[in-house]
Each structure stands twice: as C-alpha cells, then as structure tokens.
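Trainee: Sequence:
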Amino acid sequence: MTTEAVDRQPAPSGHMTLIEHIAELRTRLIRSVLAFALASLVAWFLYQPILDLLLEPLSATAPTEELQQDLITTTPLEPFQVRLRITTYAGIGLAMPVILWQVWRFVAPALYENEKRYALVFIGTGTLLFAAGAALAFWTMPKALEFLQTVGGEGNFTQFYTPSSYLRLIMYMMLAFGIGFQFPLIVTALNLMSVVTTDTLRRIRRYVIVIVTIFVAVATPSGDPISMIALTVPMCLLYEVAILIGRFRDRRRRKAAEAEPSR
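For the sequence shown, the numbering used here assigns the number 6 to the initial residue and increments by one for each residue that follows.
Do not take every clue at face value.
[To be verified] With beta-carbon atoms standing in for the labels, derived distance ranges:
no.	residue 1	residue 2	range
1	T163	P81	19 to 27 Å
2	H26	R122	19 to 27 Å
3	A124	P54	27 to 35 Å
4	F152	I27	45 to 53 Å
5	F165	A222	21 to 29 Å
6	L43	L82	22 to 30 Å
7	W144	L43	23 to 31 Å
No lab work stands behind these hints, which were simulated from the structure alone.
Small disclaimer: the values here were computed from a predicted structure and weren't measured.
Even glycine gets a Cβ: it sits at the ideal position worked out from N, Cα and C.
Let the hints inform the model, and build the full structure from the sequences given.
Mentor: Below you can see the structure in the form of structure tokens.
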C-alpha cells in the first residue's frame, strides 16, 4: 500500500450526506452558543475582578500612583453597557474549551480512527494557545498605550478615556490575539484531514506571511507597531510549528505504509 493510498483511505465514520453535515453543524453551533451563554453568566458575577484586571495596563502607564487615570462615563447607560461587553468577551474566553470540543466533534468523522485519539491534545492545545495569545496582548498593552499616547506629541493632549473606548480596545486586542494564536491549530487540522498537504504548506509560506501581516493589520484596532509585531511574529513561528507537525505526521504515515504487507 502506498503513502497516497494511506492518505486517501476514508475514515470509517466519515460517510455523511450533505443534510447530515448540516444537521451536525447545527448541533455543534447550538451547543457552542449554550456554552457561551453559561460562561457569560459566570462572567457576569465575576465582573469586578475581571474589570480590575483589565484596568491594570492603563494603571501601568501612569507616571505615579497619584496620577493614575480614571475612566469617565459620559452616559447613564455606559456602566451597564460596559458590564455587558465584559461579560460577552469573557464568556467567549471561558467557553473556548467547549467551543473547541464542538469543532473537534464536527471534523472528527473526516479523520482516521488512530487520529481521533488526539481530541484532548487538540482541545488542550487550543485552549492554551488562546490563553497565551490573550496574555500576550495584555502584556504588550501598556507599551502600546504609551506609544499611542505620545505619537501625537508628548504634552499636547490630556488623556481622558471612557470605559467603552478603553475596554473595547483591550478586550478586542486580547480576543484578536487569542484567535490569531489558533492559526497553527487550524492549519494542523486541515493537514490531518488531508485538505492541504505539508508540501503545499511549505510552498505557500511566503504568501501566508503576507496574509498574516494583512490579518494582523486589520485585527489589531490600535494599529501600533508594538502590537502588530507582537502578533505577527508568533503567528509566523506557529505556522512553522504546524509544518513541522505535518512533516512528522507524513513520516509516520510513510513508515506505516512501508510496514504494510503488499497485497
């Protein structure tokens, strides 16, 4: 049996009609939404500690403790809207393991039986990558704020932020970094399903770097070079990791094909 034959061998449970695929997708989406709703409810009661954490990068930009900046609300509804926004973003983060599990269950029928055992690895890695991306955004935020505050000329402006403007920026950045860090997981999943080969991943490397750069430019609302570099470099490095994983998988498949008795 050749490597190509091994690659194209259908998974035992992979035969589904279009209607069955749509029904399966609907089930996974519903369960993901329910997980998000439950996680958002938990985040609602954790609002104050989450808010205190999100304010730390802003506090870090103050030259002294006495000069720390206070957020100023401009409408009566803004505090409530801020709480809803924090609840929504935090709900996505808390529900990420369940969402990844539903993604895995949706793509699992297209995998070989021996590849389905990587479910926990997929979910664990995806959760850690999301957390790492969000943490990186949080860590780079003080420097990004300092850059944005001084780019218009130091001393020319007095900085006053509303909760909506500041919190929308930091939460969107953390979400964008977390999703961006899922990139190698998506590439690896496509490679596992034989949608794209490792050789193809190597050939399109230069185009991927361009696409990643464009994605980062669009996904980072601050547009500052610190945040863009902080997301672009890890995404490109993680893409290389995905290629290495694909090469390792191809090598294992070749060995399995060579060990298979010829028929």
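Trainee: Would you say the C-beta atoms of H26 and R122 sit inside 19 to 27 Å of each other?
Mentor: Between H26 and R122, where Cβ atoms are some 23 Å apart, the hint holds.
Trainee: Is 22 to 30 Å right for how far apart the beta carbons of L43 and L82 are?
Mentor: Between L43 and L82, where Cβ atoms are some 26 Å apart, the hint holds.
Trainee: 27 to 35 Å was suggested as the range; check whether the CB atoms of A124 and P54 agree with it.
Mentor: Check passed, 32 Å falls within 27 to 35 Å.
Trainee: Can you tell me whether the CB distance of W144 to L43 sits inside 23 to 31 Å?
Mentor: holds, 29 Å
Trainee: For the hint 19 to 27 Å, verify it against the beta carbon of T163 and that of P81.
Mentor: holds, 24 Å
Trainee: Look at the Cβ atoms of F152 and I27 and judge whether their distance stays inside 45 to 53 Å.
Mentor: This hint holds: roughly 47 Å between Cβ atoms.
Trainee: For F165 and A222, compare the CB-CB distance with the range 21 to 29 Å and indicate the outcome.
Mentor: holds, 28 Å
The structure is consistent with each of the numbered hints, conforming to all of them.
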